[in-house]
Amino acid sequence: MQHLKTSILECLRDLKGSGKFADVQTTDFVFPGLQVEGLGEIAFPFQELQAKALIQVARKAPFGHGSETILDTDVRSAWEIDADKLSFTNPQWAKFLNQTIIKIKKELGLEEYTVEANLYKLLLYEKGDFFLPHKDSEKESGMFGSLVVGFPSKYTGGELVVRFEGEEQVADFSRDAGNYRINFSAFYADCDHEVKPLESGYRICLVYNLVQKKTGAKIELQSVNSHADKLAGVLAKNPREKPYIILLGHQYTPANFAYERLKLNDRCRAEALLRAAKNLGFYAKLCLITSFKEGLPADSGYYGYGEVAGDDDAEMVEVFDEWLDIEHWDQNELPVLGSVKFEEDDLITSFSLDEDEPIVKESTGYMGNYGPDLLHWYHYGAVVIWSPVQNAQLLRNQKTTNQLEWIDYFNRTGQVSTKEIKAVNDILSAGLNDDIHGTIDANYNVVADWLIQQKNSSFFLHTDCDRLQMLFVKIDVDSWQKMWEWLPEKSSLHIFGRLGNNPDLPVFEKILSIICHMALSPKTIVLAQKQTKALPKYVKNLDYITSIQFSAGAISDLMWIENKFSPDHRWVKEVSQPIVSNTDLKYLHKTLAPLLLSERTKTSLHQILVEFCKTFLQKRAENKPQPPADWRRSLPDSRYNEKIWKMLQSFMESPFEHVFDLKRKMAERSEVEEAIKREKVDLSTTTIRKGSPHTLRISKTRESFERELKKWKKDVNLLKQLMTN
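In terms of my numbering, the sequence shown opens at residue 1 and continues consecutively.
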């Protein structure tokens, strides 16, 4: 392990910079006060008349070929003016240039260097001008790159394309060129770059040489690929059972952690590690290694006597609890890897953990008689690398959501090893890592795609019934349609047979939805017909004695299926049985009747259900609620507040009394009020605030009658709608 750590760290030690070979930005416009000898000041946005005048004092741009300078318009076509013919009258231009260099240094990872930009040329491109791929030669001592500053001018085309080691960055500033913006791009001289042909307008820019000042290590664009090759060799020679966890060098907050925000040398080192893993066919992902410590601050003074107790910046002198974990992964195409167990000795790092300041500090504050504890979080940027063999083992312990994300990754990329295939099949056979109810919002459709890609047509024939039902409900109808079109019909019928043997309501409703979907495809319409015939049997296996309530969508599907396949009257009667066995009034009003009223296709099933609703509502309409004959009111059937209801019993049973005054202390009055509010009882209360104590007046109401009358009116109204529909 020590040899492995040393070898990896030696490879990374030589990598410096951001790992970026080019920087492209757009910023607010600053008038440069650009003067051209023999022409005067250039105005912006740049116009056609100025372009034609500028061409008169410019010359065709040559290009360098070895030690020669060649003019060849088949290689390069543009106009140029030398730096000694240019000057700037606006003092703000120098300030702008300095600020630009600061931005470039940050993006290219050159903050430790002193860099200057020396003006080289003014370039003008007109329609058709271009520059074929080339590298910039060293035009002065210390030059390591070029800076191109583009001014406002309407044009199209003319993209600057910069390439290095198979990567490409395009600076297309044509959209912002006429909008009072300045565009700039900086890149190393080792990069191949070209200017695409200008399609219209004029592109005007200044070219600066980026020059390293002061002696020291030479600025040069390092080959990330060569370092990646070395790292791949080290990893190949030092296989591990655990993932390689390599710390980069800086801390980050989870909210600010991403590949694009890596600091200084972290970016190029991370890139080298990611490429090394790719070269080996391994997995690699950026993450934050979190080191947490909880402990006692200096001079904490138990029992609250410490002078600095509670200060987040106090020194921690004793650690009570500590742990290491991966708490945050960078988002990219590769799924998250959870449940990675490791110790501090497993980390590959050039520094000791927790030797610098924690990035997050907290103090618990005083807790009772105890002084505060300090909480320290250290979040280190890291790259985790692991092999497909390790991945196959790790997959078995992932959460279901993670497992499904990995299955989706394998489906999309086709990159999966034999051991990973076996791991996924074992996971699916064991039922993922959840119970039979599945995980909310997880994408189970990937299971169908996996089975099809792996040609595993027997999976659903052997998985246990509970898990089959869970997956049947979780996988959407489109994915099931792909399954039915792929599976042999015998297998499909067997799956439906297992599902219909003891379906619960979600399974039965999903069967209806799937039949509707299958009926739309010539490939599966015969299967849909067969399942339609089987529906009465599935209905009989439903436990609808407990008043199963079909959703509106399920009933609508049933009517659609009937209309599509025209089954006989016996079929209609049998599938309608669970629905007409449900006498829940709320269900009838909220679900069943509104669906029937909105349904345009009048099938036999529709007629049966309408007649059921009419008969049910007619019986209720014939029993109009009657107002109470006197002031007798029913006592609530409740085990709560028995003393209170016993006290009010004679009042409630009296046919003449309708008001009862209770003079009690506030606590007793409140208790009586709460008891009345708790139950649906025909009583109301008001407080008469005269005398001491106040009086709670309890009055009898007709609320029960009014409620029943309101329901009756709704029933009558709904009945009329069904009669006239």
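Worth flagging that the hints you see were computed from the coordinates, not collected in a lab. Treat each hint with caution, since some may be false.
[As the list claims (entries may be wrong)] Below are the DMTMM-like pairs computed for lysine to aspartate or glutamate, each with C-alpha atoms no more than 25 Å apart in a straight line: (1) K455 x D504; (2) K106 x D325; (3) K85 x D72; (4) K533 x D478.
All values derive from a computational prediction rather than experimental measurement.
To see whether the hints hold, each was checked on the structure:
1. Restraint check for K455 and D504: not satisfied, since their Cα atoms lie roughly 29 Å apart, outside the 25 Å limit.
2. For the hint pairing K106 with D325, the CA-to-CA distance comes to about 31 Å; that exceeds 25 Å, so the pair is violated.
3. Using a Cα cut-off of 25 Å, the hinted pair K85 and D72 holds, with the two alpha carbons roughly 23 Å apart.
4. Simply put, K533 and D478 have alpha-carbon atoms about 22 Å apart, close enough for the 25 Å limit, and the pair holds.
In this structure, the earlier hints numbered 1, 2 are contradicted, and the remaining ones agree with it.
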